[in-house]
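S.K.: Given two chains presented individually in distinct reference frames, assemble the corresponding complex, making use of the accompanying hints.
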Amino acid sequence: MESPNAPSAGNNVPPVLSVRGLVKRFGNQVIFHDLDLDVQRGEVLGIVGASGQGKSVLLRCITGLETTDGGVIEVFERDTSGLTSAERLDMDARWGVLFQDGALFGAMTVLQNIQVPMREHLDLPERLRDELAMLKLALVGLPPEAACKYPSELSGGMRKRAGLARALALDPEIVFLDEPTSGLDPIGAADFDQLIRKLQRALGLTVYMVTHDLDSIFAVCDRVAVLADKKIVSTGTPSLLQAAPSHPWIREYFCGPRARAVAS
Amino acid sequence: MTASRNRFKTHKGLPSRGCAPGVALMDDGDVLRLAVTGCWTVREVAGIEQVLAGLRLHRAAHSAERGEIDLSGLERLDTAGAWLLNKTADLWSNLGLPSRFVGVLEPHGILLDEVRAHSPDPDNLIRSEGKPESIITDLGRASLHVASFSYALVSFLGAVTGSIAATVVRPWRFRATSFVHHLEHAGLRALPIISLICVLIGAVVMQQGAVQLEYYGAQAYAVNLVAILSLREVGVLLTAIMVAGRSGSAFTAEIGSMKMREEIDAMRTLGINPLETLVVPRVLALLVALPLLTFVADMMCLLGGGIVAVLMLDMEPLDYIIRMNDSIEPRHFFVGMIKTPLAAISIALIGCLEGLKVRGSAESLGFHVTSAVVKSIFVVIILDAVFALFLSAIGI
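Going down the list, the sequences are from chains A and B.
Reading the first sequence from the start, the letters are residues 145 to 408 in our numbering.
Reading the second sequence from the start, the letters are residues 446 to 841 in our numbering.
Treat the hints as calculated values from the structure; they're not laboratory data.
Fair warning: this is a prediction, and the values are worked out from it, not measured in the lab.
The beta-carbon is built from N, C-alpha and C at its ideal position, and this holds for glycine as well.
If we take Cβ atoms under 10 angstroms as the criterion, some of the chain B residues that face chain A in the derived model are:
1) Val487
2) Asp523
3) Gly526
4) Ala527
5) Leu556
6) Glu559
7) Ala562
8) Pro565
9) Pro567
10) Leu570
11) Arg572
12) Ala807
13) Glu808
14) Ser809
Here are the simulated lysine-lysine pairs, DSS-like style, with alpha carbons at most 27 angstroms apart:
15) B:Lys532 x A:Lys342
16) A:Lys293 x B:Lys576
17) A:Lys293 x B:Lys802
What follows is a set of in silico ranges between Cβ atoms, one per label pair, in the way DEER data are often shown:
18) B:Thr815 x A:Glu396: 47 to 55 angstroms
19) B:Leu602 x A:Gly300: 35 to 43 angstroms
20) B:Glu510 x A:Ser225: 52 to 60 angstroms
21) B:Asp558 x A:Asp267: 24 to 32 angstroms
22) B:Ser517 x A:Ser383: 35 to 43 angstroms
23) A:Arg395 x B:Lys532: 49 to 57 angstroms
Here chain B stands alone, though its shape is the one from the complex (with noise of 0.2 angstroms):
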């Protein structure tokens, strides 16, 4: 006969509870027998998993024709300790030795009996952790869905110029009211902030320029410098991504909450069509609200670089204004406006579409918001890059 007992070391977390498990296995010539005893609970099943290994069971079944399992010195009992004593009788079992429990007490039978009905199935056992991604699936992955985000915004373009188109046929079906008030929240109230921070950035522009062309005896060109940039590309950049960051996501999440709610759904059988309602006069209220406040900030931008000019660089006032109206000309202004209406397409655009994917969670539509100011900021900026290299390359 040889018996082995081992000991358990403790490990960290919860302290265990009183009573320490124990195993020892006895090879009995016909009968090999293992003896539990004490508490095989939560805690401690990691440890006893251990143990159990290193008594090689599996080996140990060969010599032997039946196996007993002899919980009479067992004090204490859970799910997870009746998950291992099935476990391992299952091994004997597998392996050609008839195995069963022996000094079982009746809560401790009925527990076994639970945990074997409700076993997960070992061979399609779901793991809470799937094997790392590789590069290549993220890749593909993410491909993917920027095909699929062009496709629905393309298509989402399609429906909504047909809804305007429509508007354009029964001019009665125009939404006034809400055109008006997203008209307010996404023009006029925005004048502030953005008349603002054009003001500063027309000032920066302007000192950072004089400092750098000071060592050329060229002082005066900032002044050009400032002009030019501002009227093609600050103007027009920091007015759309403000209005991405404040309408883009207002227009994303009044509609995503409004899907939340089953709002849509109640307006769809109610015979009203969302497109019409929600998304046209979004669109069309940014449409014009976009080139007048491209405008304002033009102005402003030329404005914070005349403050720094006359404050900083002791131009006159009228020795500013003379120079800036020798070195704009129209079609400065032109290629700044023409990137307007196409910027507050996008932004409205994304902004309904993203608001129209949100599910049922709050976490859907958070997700939606960001996901809403990111695309927008980001079309924006490659619309831009695309027409400065275009007018560039065509000369003007």
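Looking at chain A on its own, in the form it has when it is part of the complex (with noise of 0.2 angstroms):
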């Protein structure tokens, strides 16, 4: 977090996150085939790509929830294979991750969910520890009140609003956001994409967001990876894709009417 307003790409800085020669399979079906990706420090990088292209799956890959079948993935400049455990652990409180509906824990009040990394990992006295927590629940703009209610009593905005709180409980360096927007009204939707953009440059994260909300791209993110084909097809800012698509499926993307609006 030395230096969060850090440009966003092209100098000599080594990438934060930097995928090689990825390969997954599921039995006999490829899901990537040698591809290729780099996140710079203090970036927000969209990942797009059509249903069923493996956007979830290469998060998943990286976050090691998968096992891979060949490549090299490399976060903070350390190949995340044949980590010790004591090393895995360190990685994982340095990154956070907001799944799709917050997937905070059903039993634990937003609080308690907020906490309960500091709890696992750090020996924080009890005040602090709700300080720090109350502290991550006004960043993410919840109200003083949501902090003693439960998940099922959130509304779907609140609950992402809420896991986010959570991935950032232990001030990660990256985080990854699984399509942060999707069964939000626009409102909410515009909101989220303010939030994270304003956390990005307070916190001085790098952001990885799975996304296939085409208003979200144009608000938040620095650079737009797309994911065709078995791999990255091409890289750029929004409007760079958008005014020379390399692939048919970023032309339909970026092109179609619903992306003219949009970019208008």
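M.R.: The structure is reproduced here in structure tokens:
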């Protein structure tokens, strides 16, 4: 977090996340073949692609929830395969994941959910833990009353915010967001985009965002990586991809009627 | 000038990341200076907070006129560290010592401002752990729960009775298909398991009774024991408990999952009465099934006792039947059977009522299914005990 406003790309700073030659198969079905991807420190990267292209699988491969069949994934300049459990834990604490519906623990209040990583990994005094959790709650824009509620009592948008607060509990350097605006109404989705932007600037986060929401892409993403034909076929700023689509799917996606409406 | 440097002890959990945090307090007469160095991150804050407490910042603040927190040596800062820095600055400000940050890098400044803007109100901080509840509070809450449940059950009984009465008046509204379906599932399909456990229990009672009565040379009286116990208590109790576990829970799960998916609300908007369509057929089906099952259970208990008597106690089959005939009077059978409709109504009503109480989540469904089984078995046993006392008091 030494340089929160680091330039997004294009210099010789090593990428914070780098994937080289990734191969992933389910049985005979090849999901990724020789996939390369770089994420620079301090940028918001959007991953787009048609349904079933493996956007979520890629996220799960990077975070170690799925095994891979080949290739190297380096996070913080360290190979994620073959880590000892202590190294793995250290790495887990340096990234946070927001799952699609928040994946909050149903038996705990929002406040307790946010405190789970602190309780598990740190030895904080109780009062400090409560203060930090309430701070995280305010940072993601939830009212203090939400702290005592259970996930089942929250709306979809609030659950996502609470899930984001839990992902931020240990002040990670990278956050992975899986479809953060899906299932939200347009106003709620726009608010969530703003929130991601604001937190990224304030906390100096690197954001890896799986999405298919065109509004999100143009509102928050510094760069977009397009997943098609089992690899990343193109990366660039949203406007660049729109101006010069290099793949039929990109043309369809960025130059369709909805995309034109968003960009104008 | 006084200076104090502090070493930080490492604590359990995540390893610290390279740069150790440092804090030094310097008293330059007018200016009280806190020099902050290294990593102020969530992994270190527990130690930092202890050291800050040890510095007695509030004592030192009295002698100075200005406070300065020097961040020029800070290498890494996150929200947790920013929170502590803001808290320290606030502590001084509250003691009348105007304080400010000096040597702030731009990203650290943004973070400090952002954290200050979202700081929780210290006066009504919401705590994750409440006070432990006193046993009195717990007792009171449990009593209220029992009272409200009894009230709900009685009013539900009224509503269902009304619905049944309406069905009697307008018999074409009766859901015959549903009734037959539940009769099959709660009645017919329960036959094998209930028969099996009743044979086994009848056999066990016979065997144990015979062993004990042998000391008095009254082994043959084990037949009386089995016959009377089966007909009055065991048959009906075992059947009711099995049905509560099989069908009461199924009723809760079926109605509860409909409630979860808003199907019950959909029925209401379509002008269909859920009591009439869902509850009445289930209650009536159990009302028919339970006495029939109990009769089978009684017979199976007697059969189990007979098997043990013939195979292990060397009694002639005819002997067993004659002894049984001598010991049983019709009243024993009826004492058992009279309890069955009450048990049936209790089980069906509790199952359906718990189902209707399910709220949106899967946890709620699980909770209410468990609760339905526990409550219906409890009510069945209470009913049985009340009957046993009452009937023995009037001498039947």
